[in-house]
Amino acid sequence: MIYNEEYETLPREALEALQLKRLRSQIERIHARVPYYRAKMDEAGVAPGDIKTLADIGKLPFTTKEDLRKNYPFGLFTVPLERVVRIHASSGTTGQPTVVGYTKRDIAIWSELMARCLTAAGATPRDVIHNAYGYGLFTGGLGAHYGAETLGATVIPVSGGNTKRQIMLMRDFRSTVLLCTPSYALNLAEAMVDMGIDPKEMALKVGVFGAEPWSENMREEIEKQLGLKAIDIYGLSEIIGPGVAVECAEEQKGLHVMEDHFLPEIVHPETFAPLPLGEKGELVFTTLTKEAFPVIRYRTKDFSRLITAPCACGRTFHRMEKVTGRSDDMLIIRGVNVFPSQIEHVLISIEGVEPHYQIIVDREGTLDTLEVQVEVSDTIFSDEVKKLEGLPKKIQNEIKDLLGVSCRVKLVEPKSIQRSEGKAKRVIDKRKI
Amino acid sequence: MKVEQIAIFLENRSGRLAEITGILAEKGINIRAMSLADTSDFGILRLIVNDTESACKVLKEKGFTVGTTEVVVAEVQDKPGGLANVLQIIKKADLNIEYMYAFTQKSGETGLIIFRFEKLDAAINALVNGGIRLLSGEEVYAI
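As they're listed, the protein sequences go chains L and H. For the first sequence, numbering that gives the first Met the number 0 begins at 0 and goes up steadily by one. For the second sequence, numbering that gives the first Met the number 0 begins at 0 and goes up steadily by one.
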């Protein structure tokens, strides 16, 4: 099924004409309204009038998380705050959140995009949608919620946590569609078995999973354990939130990018030169219709490639291959974005803690675990157990407060963390995703 | 009246204790008293040795986290009620013991109790006024 037949199946030529028209007016508006973008364009020697073809986008400077940080909180908004109806935020790389805003029209477009995604996954207005993405500043919960309502389905805004109750509600409400992170889906399956419930007795038929990378193996596992069709969804708050791209139920192979609203590019991960269609590199997006918080050539740091082959579902949008890795050191722990620099920030703010640390990520059963190993220096060492035990607890609490993720802090002997030559190896990711 | 004690941070890994005692043996350092506090993740080894300075130096060189603290070593009669008497004095003075451990002298007539107090000087006063004999550092190192 296709939610917006007219746009989602536009012939490529008409789609590209629409993209160019929207791109030009978007660039003109951003240039006129945001001094920061204007200065960057001036510096690059490019004016809005220079954008005559879609390929001309390569003349525009990139936007990175660093740019967002410099303009915290509202510096890159193109409308006055009175026109902004919602703010979302995600954690930044050094403790300062990344803030995004939406006008009424942005929310309407986002809701439609999520409705398109749910439809592509196989959901209909008759479905009962169990939405276990976190509600709050994170875009996942509310983004999916509005999409499900726009579709006309029945939404259960259950948010994260309290797994047993979730399972009870899912069973009693006869929920047919599950929205959550793929690792939480596996966690639910495991919890059902523990509760003596056969997951196959649930009414679930499809799951739309995102907010963290997952493999084909994980898809097989989820489909087998929960007895549903597992669909991958992609998005990031800097672009709009969930709903930037989605797999279709027909092929489950590559995610259709909502190209009438976002212009994707693939660039070389080191030179940042645009790569020919089909080649693998870093994924870059330019928003074409966003009002409050548009971005020009935002570097996602996600690795992918674009698939141009026609799809059985009939959508003409190019597909992006499932994201396989990142060009930076961002970790996704139980759906939460974590940068090692944020953990370092917490450690060095605690007196006496030396910056010799290591982050070990693993997966126990279906849940990600985060362990931070800290070397015990002479200044933090105490001959008293209670003092020495207090330190890991303090670090744990601060990390939980700042990043919203629980971790285990382990004190280790000095020099036990491997010193590498040059760049320290801070992260050991043992997960087999 | 204050005695220097060494504390060493240990991860719970096999062979670490053997390593430390080996290092000290090689330097000819004699261990007078020891105790090991352990948690699920790590341990703290506390030692009183005949040459605190050299022991700290060599252990630090070998990459261990080492600290020194001052403790009190009290002599108690090796008979029923010997320790109880000392603890009564501490209780009356309203002092908190952070930790304690015991060892015996060669003569076997008296036992020695090592105390770590938060308020060290107050503890020394209370014990001395209570008639408890405290050993000096030299006496302990020379045992």
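Among the clues, some could well be false.
Said to hold, decoys possible - Output of the computed footprint for chain L on chain H, the stretches with three or more beta carbons under 8 Å from beta carbons of chain L: (1) 1-12; (2) 81-94.
Said to hold, decoys possible - Here are the simulated DSSO-like cross-link-like pairs (lysine-lysine), alpha carbons at most 27 Å apart as the crow flies: (3) K300(L) to K204(L); (4) K409(L) to K61(H); (5) K385(L) to K90(H); (6) K91(H) to K26(H); (7) K385(L) to K118(H); (8) K61(H) to K386(L); (9) K26(H) to K385(L); (10) K386(L) to K59(H); (11) K431(L) to K399(L); (12) K105(H) to K386(L); (13) K204(L) to K228(L); (14) K204(L) to K1(H); (15) K105(H) to K385(L).
Stated by the list, open to error - With the Cβ distance kept under 8 Å, some of the chain H side facing chain L (calculated, not the full set): (16) E18; (17) T38; (18) A101; (19) F102; (20) K105; (21) E108; (22) I131.
Keep in mind the hints are simulated off the structure, nothing from the lab. Glycine included, C-beta positions come from ideal geometry on N, C-alpha and C.
For each hint, the structure was consulted:
1. 1-12: Held - the region 1-12 of chain H has 5 residues with a Cβ nearer than 8 Å to chain L, which meets the minimum of three.
2. 81-94: violated (count 0)
3. K300(L) to K204(L): violated, 33 Å
4. K409(L) to K61(H): holds, 21 Å
5. K385(L) to K90(H): Holds, at roughly 21 Å.
6. K91(H) to K26(H): violated, 43 Å
7. K385(L) to K118(H): Holds: K385(L) and K118(H) sit about 17 Å apart, inside 27 Å.
8. K61(H) to K386(L): holds, 24 Å
9. K26(H) to K385(L): Cα-Cα ~32 Å, so violated.
10. K386(L) to K59(H): holds, 21 Å
11. K431(L) to K399(L): holds, 25 Å
12. K105(H) to K386(L): Roughly 34 Å separates the two Cα atoms, so the pair is violated.
13. K204(L) to K228(L): holds, 6 Å
14. K204(L) to K1(H): violated, 74 Å
15. K105(H) to K385(L): violated, 33 Å
16. E18: This interface hint is violated because 11 Å lies over the 8 Å limit.
17. T38: holds, 6 Å
18. A101: violated, 17 Å
19. F102: violated, 17 Å
20. K105: At 27 Å from the nearest chain L Cβ, K105(H) fails the 8 Å test, so the hint is violated.
21. E108: Since the shortest Cβ distance to chain L is 29 Å, the answer is violated.
22. I131: It is violated, given that the least Cβ distance between I131(H) and chain L is near 23 Å, above 8 Å.
The earlier numbered hints that this structure contradicts are 2, 3, 6, 9, 12, 14, 15, 16, 18, 19, 20, 21, 22.
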